[in-house]
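Number of protein chains: 2
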Amino acid sequence: MSEILNAIKANQQRFLDELFDLLRIPSVSADTKFADDVKKAAEFVAQKLKEAGADKVELCSTPGFPIVYGEKIIDEKLPTVLVYGHYDVQPADPYELWDSPPFEPVVKDGKIFARGSADDKGQMYMHVKAFEILMKQNSLPCNIKFMIEGEEEVGSENLENFVKANLEKLKSDVVLISDTSMISNEEPSITTGLRGLSYLEVEITGPNRDLHSGVYGGAVANPINILCDMISKLHDEKRKITIPGFYEDVETVSAEERAEMAKAPFNQAEYNADLGIKKELGEDGFTTLERVSIRPTLDVNGIWGGYIGQGAKTVLPSKAYAKISMRLVPNQSSEKITKLFTEYFLKAAPEYVQVKVTPMHGGEAAVTPTNSIAYQAAAKAIEATYGKAPIPLRTGGSIPIVTMFEKVLGTKSVLLGFGLDSDSIHSPNEHYGVWNYFKGIETIPYFLKYFTEMSK
Amino acid sequence: MSEILNAIKANQQRFLDELFDLLRIPSVSADTKFADDVKKAAEFVAQKLKEAGADKVELCSTPGFPIVYGEKIIDEKLPTVLVYGHYDVQPADPYELWDSPPFEPVVKDGKIFARGSADDKGQMYMHVKAFEILMKQNSLPCNIKFMIEGEEEVGSENLENFVKANLEKLKSDVVLISDTSMISNEEPSITTGLRGLSYLEVEITGPNRDLHSGVYGGAVANPINILCDMISKLHDEKRKITIPGFYEDVETVSAEERAEMAKAPFNQAEYNADLGIKKELGEDGFTTLERVSIRPTLDVNGIWGGYIGQGAKTVLPSKAYAKISMRLVPNQSSEKITKLFTEYFLKAAPEYVQVKVTPMHGGEAAVTPTNSIAYQAAAKAIEATYGKAPIPLRTGGSIPIVTMFEKVLGTKSVLLGFGLDSDSIHSPNEHYGVWNYFKGIETIPYFLKYFTEMSK
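Line order of the protein sequences matches chains A and B. Per my numbering, the first sequence runs over residues 618 to 1073. Per my numbering, the second sequence runs over residues 618 to 1073.
Just so you know, these hints were derived from the structure itself, not from any lab. As the structure is a prediction and not an experimental result, all values here were calculated from the model. Hints may be right or wrong, so weigh each one.
The list treats identical chains as one, so a pair stands whether inside a single copy or across any two.
Think about it this way: if two alpha-carbon atoms lie no more than 25 Å apart in a straight line, the pair counts; the simulated DSS-like pairs of lysine-lysine are [claimed, not checked]:
(1) Lys973 - Lys895
(2) Lys694 - Lys973
(3) Lys850 - Lys781
(4) Lys973 - Lys956
(5) Lys953 - Lys1073
(6) Lys753 - Lys964
(7) Lys857 - Lys650
(8) Lys964 - Lys673
(9) Lys850 - Lys964
(10) Lys880 - Lys753
(11) Lys1029 - Lys855
(12) Lys964 - Lys1056
(13) Lys1056 - Lys657
(14) Lys788 - Lys964
(15) Lys964 - Lys895
(16) Lys896 - Lys850
(17) Lys964 - Lys896
(18) Lys1029 - Lys656
(19) Lys781 - Lys1073
(20) Lys973 - Lys896
(21) Lys650 - Lys895
Using the sequences and the accompanying hints, generate a full structural model.
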């Protein structure tokens, strides 16, 4: 399909410019002050889908941000691929750690630096451009539908209801998602497992007002100290999570499967060097790759309380807060884990303080089968453009909607991601390789072709 | 001395208005963005001292904020009282918890609400107004010197060098300080013991950049979790501080002294109800009053790390921070404790992270003798205006400069404070009773009179 490569070459600058326009819109769904920008990003995607040749393009309103829909049905008898992606991005805080402003994309060392460049604007937009090329060349091999949402980074709260209400409209043979990463550009891989998520905020209240630590310190429980105690007790010495029942539903992965996983190229020393750490830390009895894939985990994503400004303030604060998330593995229920955490944390609270737990969002873990037509087509597409068969890999991130699609739509997903773990998604200086962007645009048409052929 | 009361009545509104003008200046010494305001407050105090009749008023420059000096020497043979106070204030954060803006003083329920109203502008300014009255009535009974600094809330870093360089100028028979509180307006007390302080900031670094908690969570030490572990280990089950050697120099208070202390009126149930807590927490084997006076303590004054904005961000942060302070008792050395903490914390750090400890400021504990002329004069002055002898009381706050004055100047201090513990100093909605402000102005002349008479 050299005509695809030729089209990419001919449109290279425009394809980049358009992505940059999208990246310039600070569509942070978590922060209400960016609400207008989130909507602007939705309109941008809708407009580009229209220009590329999609029919029935619309902004489907939800109680939150709209879902962009568009489709091209060329023949009812051909298979239908539903492309899912998201146009919203993570907050860019802390801004001061970015080398260039997060919403002013620049290319440095062959990488596009901007919030959302990899997660997921850059990866989602590859599908719009691949579609545009196929439409222009009149070579779209199957039906295609687009469902691009704006609330992925805040838990896709309105997606399930939308899907339930539009079963016929979204009917498809596979959901195609580019929102994951590969081992490296030289070692392509396809994500076959994703961890689930339970994300909560906890609030500890000690005295009813901020106190002077000299006058009251030592006589009144300090909510920060208590919060630290409580967080510390969430792990034992072996870094196992202490919440009763937490591991109850965890699927035991067989020794054979673990042996298979261990074949993935991985070098602990290089991993540590890349992160600037002397030693890794994780659950006893598991390797790093296992810890981030087949094992559930718990991390504090944020903590705050008391005086955090410049200088010193001798305050014994009234409140302390933390954001805590747990990554879950297949068979663990996000709802159940959220309940177990809440019960445990409330019960663990000493009587000196009051504790409030607020569930933020969650999602189930998912495993995609490697023997499906969709997986096989994806593997073949990657082999065609990377010159090498991909490794199937379970990874640590969560895309809760994969499980939901299967449950509600009855459709399996394939996770054809082109990013790298080193892209710093959710971090300052998020970036996405220019090479990866165009490689994605090149590979997607192969997937559509092979999936159509293999579905016959 | 009914003429004092008459003068207060005649000038009541002006005395309040002037204090309000001073409170409107946001002289936050901890935050460089308020540097100009801190200087403005110094100029205000100097101007008012001049207007009241002080000689040799000057802003003595230091590497930090200036020290306001002024004096009135009426007779070399009479005793000299050195009034110490400070015109800087604590940061007002968090602003959103104030019912009225911290730098727009208002009177509500007989209390002046503003940052610095009690600590220490309101209490310091009583001396300026008492002095003004005595000058106008030509009844100043002794020599008086004023030394009002602008760095008390950041550790009085430049005060010691200033005192050392001005021994002759500051020569005096007692240092008079109003920067403490009483049990209540009905139960007057004088602070005879103050705790020392060691204040540090700790920084924990895990990976060299913020990571996606889904991709790396469970395999890499999270600096927030590690910081919580380390903070949690600073106390044992009996709420004793675990730093080796921490209690080594703590003075043992005799059973008799403890029995004497236990006579101070105190009701644990009322204390808890006032603070809105179900149960108090402190070191095993000591009462609440003992915990805040004769025992050293450790509190986290601030903690932060990761994402602390609205919504959810699944970040495994590179860094986590805490501000930690220890209150010390007589005989403990602030420098030694700072060293012990630093050594312990660095040693306690697991190899998964890097730890940095930055000492912020410190000061020694102090006990003032109750058998001194100064204490006796203060007690008599309070009895004259409150109609009740004050209870001598050791309290929890720190005024590190008391020890320094004794060491460098060779002069003892008397802590004639008119605030209340419930004034919320260092907290949102700091306030100072209008009654207390005028009671202080009324009492100070009695102290000067009795101290002069008893010194003969």
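Comparing the hints with the structure gives:
Only between protomers do Lys973 and Lys895 lie at most 25 Å apart by alpha-carbon distance; the minimum there is 16 Å, versus 36 Å within a single protomer. Taking the shortest alpha-carbon separations for Lys694 and Lys973, neither the intra-copy value of 54 Å nor the inter-copy value of 65 Å comes in at or below 25 Å. Taking identical chains as interchangeable, the C-alpha atoms of Lys850 and Lys781 are never at most 25 Å apart, the minima being 40 Å within one chain and 50 Å between chains. For a Cα distance limit of 25 Å, the shortest separation of Lys973 from Lys956 inside one copy, 13 Å, qualifies, whereas the shortest one across copies, 37 Å, does not.
Taking CA atoms no more than 25 Å apart as the test, Lys953 paired with Lys1073 passes in neither setting, with 41 Å inside one copy and 80 Å between copies. Proximity of Lys753 to Lys964 under the C-alpha cut-off of 25 Å is found in neither arrangement, the shortest distances being 62 Å within a copy and 65 Å between copies. Proximity of Lys857 to Lys650 under the C-alpha cut-off of 25 Å is found in neither arrangement, the shortest distances being 39 Å within a copy and 46 Å between copies. Taking the shortest Cα distances, Lys964 and Lys673 never come within 25 Å of each other, neither inside one copy (52 Å) nor across copies (64 Å).
Taking the closest pair of Cα atoms, Lys850 and Lys964 come within 25 Å of each other both inside a single copy (13 Å) and across two copies (21 Å). In the homo-oligomer, the alpha carbons of Lys880 and Lys753 never lie at most 25 Å apart, since the shortest distance is 42 Å inside one protomer and 92 Å across protomers. Neither within a single protomer nor between protomers do Lys1029 and Lys855 lie at most 25 Å apart by alpha-carbon distance, with minima of 36 Å and 55 Å respectively. Neither within a single protomer nor between protomers do Lys964 and Lys1056 lie at most 25 Å apart by alpha-carbon distance, with minima of 51 Å and 49 Å respectively.
Neither within a single protomer nor between protomers do Lys1056 and Lys657 lie at most 25 Å apart by alpha-carbon distance, with minima of 27 Å and 62 Å respectively. Neither within a single protomer nor between protomers do Lys788 and Lys964 lie at most 25 Å apart by alpha-carbon distance, with minima of 45 Å and 60 Å respectively. Proximity of Lys964 to Lys895 under the C-alpha cut-off of 25 Å is restricted to the inter-copy arrangement: shortest distance 15 Å between copies versus 36 Å within a copy. For a Cα distance limit of 25 Å, the shortest separation of Lys896 from Lys850 qualifies both inside one copy, at 22 Å, and across copies, at 21 Å.
Proximity of Lys964 and Lys896 under a CA criterion of 25 Å is satisfied inter-copy only: 16 Å between copies versus 34 Å inside one chain copy. Within a single copy, Lys1029 and Lys656 get their C-alpha atoms no closer than 29 Å, and across copies no closer than 68 Å, so neither meets the 25 Å cut-off. Taking the shortest alpha-carbon separations for Lys781 and Lys1073, neither the intra-copy value of 28 Å nor the inter-copy value of 94 Å comes in at or below 25 Å. In this homomeric assembly, Lys973 and Lys896 come within 25 Å of each other (Cα to Cα) only across copies, at 18 Å, whereas the closest approach inside a single copy is 35 Å.
Taking the shortest Cα distances, Lys650 and Lys895 never come within 25 Å of each other, neither inside one copy (40 Å) nor across copies (39 Å).
Comparing the model with each earlier hint shows violations of hints 2, 3, 5, 6, 7, 8, 10, 11, 12, 13, 14, 18, 19, 21; every other hint is respected.
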